[in-house]
Amino acid sequence: MKESYSLIFNIKRYDPESRKSWVQAYGIEAGRILRFTDVLRKINKELDPTLSWNSSCEHAQCGSCSVVINGQPMLACELLVENAVDHFGTTTFTIEPITVAPVLRDLVVDLEKAYDRVHRIRPFIITPSQNPNQGQEYRISPRLMDRYLEATRCINCFCCATACISSHKGFIGPNAVLASVVRIMDPREDATEERLKQLYSDEGVYRCHTSMACSHVCPKDIDVAHFIGLVKDGDFT
Amino acid sequence: MEKKFKLSSTIHCDVLIIGAGGAGLRCAAHILEKRPGTHILAVTKVSHPQKSHTSTAQGGLAAVDPKDAVDKPIYHMFDTWKGSDCMADQPVVQKIIDAAWEEIVWLENKGMHFTRDEEGRLSKRTFGGHTVRFGEASAFRAVFEADRTGKGIMDNVWGEALKGGVTFLNQTLLTELLFQKDRCVGAVLFMVKKGEFVAVSAKATVLATGGCGQVFRVTTNCRQNTGDAHAVALQAGLPLMDMEAVQFHPTGIVGPGILASETLRSVGGILRNKDLEPFMAKYAPKMKELAPRDLVARAIETEIREGRGILNPDHNIEHVWIDLRHLSDYVHEVQIPEVSGFFKQFMNLNPRTHLCPVRPSNHYQMGGIPTNSFGEVQKSPDTTISGLYAAGECGCASFHGFNRLGTNSILELITMGRFVGERVVLFLDEGEARLPADAGDKTFLQFSGYLENKNEENIEQIREDMRRMMTENVGVFRSEDGLNTAIRTLFVFKERVSGAALRSRGLQMNQELVQRWELDNLLSVSMVIAQGALRRRESRGGHARVDFPHRHDEFNSHTLAYMLDFGKILFSNRPVDMSIYEAKGENFEKFGMMERKY
Chain A
1 MKESYSLIFN
11 IKRYDPESRK
21 SWVQAYGIEA
31 GRILRFTDVL
41 RKINKELDPT
51 LSWNSSCEHA
61 QCGSCSVVIN
71 GQPMLACELL
81 VENAVDHFGT
91 TTFTIEPITV
101 APVLRDLVVD
111 LEKAYDRVHR
121 IRPFIITPSQ
131 NPNQGQEYRI
141 SPRLMDRYLE
151 ATRCINCFCC
161 ATACISSHKG
171 FIGPNAVLAS
181 VVRIMDPRED
191 ATEERLKQLY
201 SDEGVYRCHT
211 SMACSHVCPK
221 DIDVAHFIGL
231 VKDGDFT
Chain B
238 MEKKFKLSST
248 IHCDVLIIGA
258 GGAGLRCAAH
268 ILEKRPGTHI
278 LAVTKVSHPQ
288 KSHTSTAQGG
298 LAAVDPKDAV
308 DKPIYHMFDT
318 WKGSDCMADQ
328 PVVQKIIDAA
338 WEEIVWLENK
348 GMHFTRDEEG
358 RLSKRTFGGH
368 TVRFGEASAF
378 RAVFEADRTG
388 KGIMDNVWGE
398 ALKGGVTFLN
408 QTLLTELLFQ
418 KDRCVGAVLF
428 MVKKGEFVAV
438 SAKATVLATG
448 GCGQVFRVTT
458 NCRQNTGDAH
468 AVALQAGLPL
478 MDMEAVQFHP
488 TGIVGPGILA
498 SETLRSVGGI
508 LRNKDLEPFM
518 AKYAPKMKEL
528 APRDLVARAI
538 ETEIREGRGI
548 LNPDHNIEHV
558 WIDLRHLSDY
568 VHEVQIPEVS
578 GFFKQFMNLN
588 PRTHLCPVRP
598 SNHYQMGGIP
608 TNSFGEVQKS
618 PDTTISGLYA
628 AGECGCASFH
638 GFNRLGTNSI
648 LELITMGRFV
658 GERVVLFLDE
668 GEARLPADAG
678 DKTFLQFSGY
688 LENKNEENIE
698 QIREDMRRMM
708 TENVGVFRSE
718 DGLNTAIRTL
728 FVFKERVSGA
738 ALRSRGLQMN
748 QELVQRWELD
758 NLLSVSMVIA
768 QGALRRRESR
778 GGHARVDFPH
788 RHDEFNSHTL
798 AYMLDFGKIL
808 FSNRPVDMSI
818 YEAKGENFEK
828 FGMMERKY
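Chains as they are written, first to last, in the numbering used here: chain A, 1 to 237; chain B, 238 to 835.
Just so you know, the hints here were simulated from the structure itself, not pulled from any lab data.
Possibly wrong hints are sitting among the right ones.
[Claimed, not checked] Quick look at which bits of chain B chain A covers, simulated, 3 or more residues with Cβ under 8 Å:
{"hint": "1", "region": "392 to 405"}
{"hint": "2", "region": "550 to 562"}
{"hint": "3", "region": "618 to 628"}
Yeah, the Cβ is synthetic: ideal placement off N, Cα and C, and Gly gets one too.
Isolated chain A (complex conformation) (with noise of 0.2 Å):
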């Protein structure tokens, strides 16, 4: 077993006060189970305090260090140095910021922006439909909510987005879509006509070319693609 490795990052970098954008390569010794967010923190404190990323939990729980790396979309904080070895056959990594947002600096993404689409589909209950134990909880039977209970997973991330051939061409984006039939499917929910018209909409699901890449990509394993099929079939028994 390998107890370090020599690692090459090619980070796509952009100043947004010159408006430059470059590719910047850092050369960094890690430790073998070391995070990417790990090797980013050790680039900041050795080579350079300048270069910006993102992150919070570092757990795999908040979606926020959402990064391209050599080509694929996910978390720098579950990525660990041997096994991103393993996975691409290398140790260059190219690192780009995901794209379905508008660039801050470096790797950091105006998340707000990417964030618009899910709020346009109302992450929350529109209208509630009658509760018979008025002051109490609603009556859930868990079988009922194991069909939707894996789409609650979402963190986010935008992973998906990013990899979704059609995100970028009109289509409000998988982790919206799955935001939505969250509560299509859920019983407390009464406004799911309006939000079926919205997601066969313009920008709903006829967007999608079902190549599968949400579901493949979603650092949750969540299968988003059976989500967006189910609004597709407009079948969610």
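Fit chain B to the known structure of chain A by using the hints.
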């Protein structure tokens, strides 16, 4: 002064909420329910509210279901009081626990995906320290959403805040609170993306920025938990309370610090040192691995300190092993799949065949900005600052005292968030707030200083050195010598950082500038923790002094610390409110001073 240091605009709003996590947005949602159309500005340092630390809470949310035939709020109150090592304020404990189930119903009705039982009701599970009949048996009291309860809360309060029309300002820092006499009238913010400073005039200002776990090298906290509101409050001459009360979880995964839950030990995991000796028998001959959290944390720390730890070369952190190799496939697959998964995901280890590295990890700050039970910020035990509120981990009412029970943290943030909302609604009829003429001056002085410095120090390096030093001297174990070393060293760090030159000189999206500011906050908070710990010559809850291993009645009061100049701290005290005990009502004897023994 350079021209770039100016207020680019002034924003007027009714309510300014700093920190858009669980507490902040629960507060926003309540205000909008009661007063639709209220103009609320919610500010967060992270790129979007959903990225808040609340989202990472796993286990559950404690609340007594009124339909439960066995459990009662009084039992939950007793557990919380006992767990706090007799330092929680009893009316706060009662108020939060009495409101708990209403909040669960609110969350559920708004769409949270709680795990259900066969009848479709909310499932409940047990958690350490939660009992029925005053310690007789474990209570099934924690409702949960699989292993992502915090995410469920976050998604929901964010959704409700969005639905109600909150204006969000992401990637924005609170740099200064603004006052007119003893009323808070708003704040100065730095918008990181644009590199602009703005003043906000608000009738009410709510602080909800979370904890300060980044003070320590190994922590379960997010990268952004740097004690920002704590530091800004100190700068405004306000006190912090009980900051020496820090909780360490015994088993964080090395080096990210991710929580490896108690379950690993309860299913039979064995802790071993570098000689593979199962060392818990030395510290707790009967309970061994099942001893309480703090005892296990101290045992692990002792092994490491006495040279029986193992150094992880990649993260440069010492640890012990947890041995799960002897457990059956059933246990691995059914009982501990998630935690097992963490070792695979972040350490590349298979717990069935490999020893797994763990060490105590900073987990929670029990102290914070002192408030009363309404979340109104106090300047002293008898005076509040009108128009200023705090809720969530950055506030301290105090519900947890010196030790927090599992599943009580997200209960606290959601209930205190609402209580603050209730208070703010009443306050909104107050007249428009006028900003002081010198708004921004303090901020500009601070930020222009950051950009003028010239030496070769690296911010990230100092941050790492500080976190390592704090873990060593102000962590699981504390002693007079260690704390004095810490305080001395913090002055050295402050000196080092005060001249550190930034390589990025612009204001726009300058990560180094943000980190430089965070480091000042971390240093201030660290200083208050260290000096508070030095002053408290006893051991209580999360605060363990090797030189004073027992609890002493003379310290039965909250620490208040004021620090206008770095390192110069003025201490005073706030009495612990034991009014339930003093009222001598039913079961009052359960709320007297007692030993925290299980």
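Here is how each hint holds up against the structure:
no., hint, in the structure
1, 392 to 405, "holds (count 8)"
2, 550 to 562, "holds (count 3)"
3, 618 to 628, "violated (count 0)"
Hint 3 from the list above is the single one not met by this structure.
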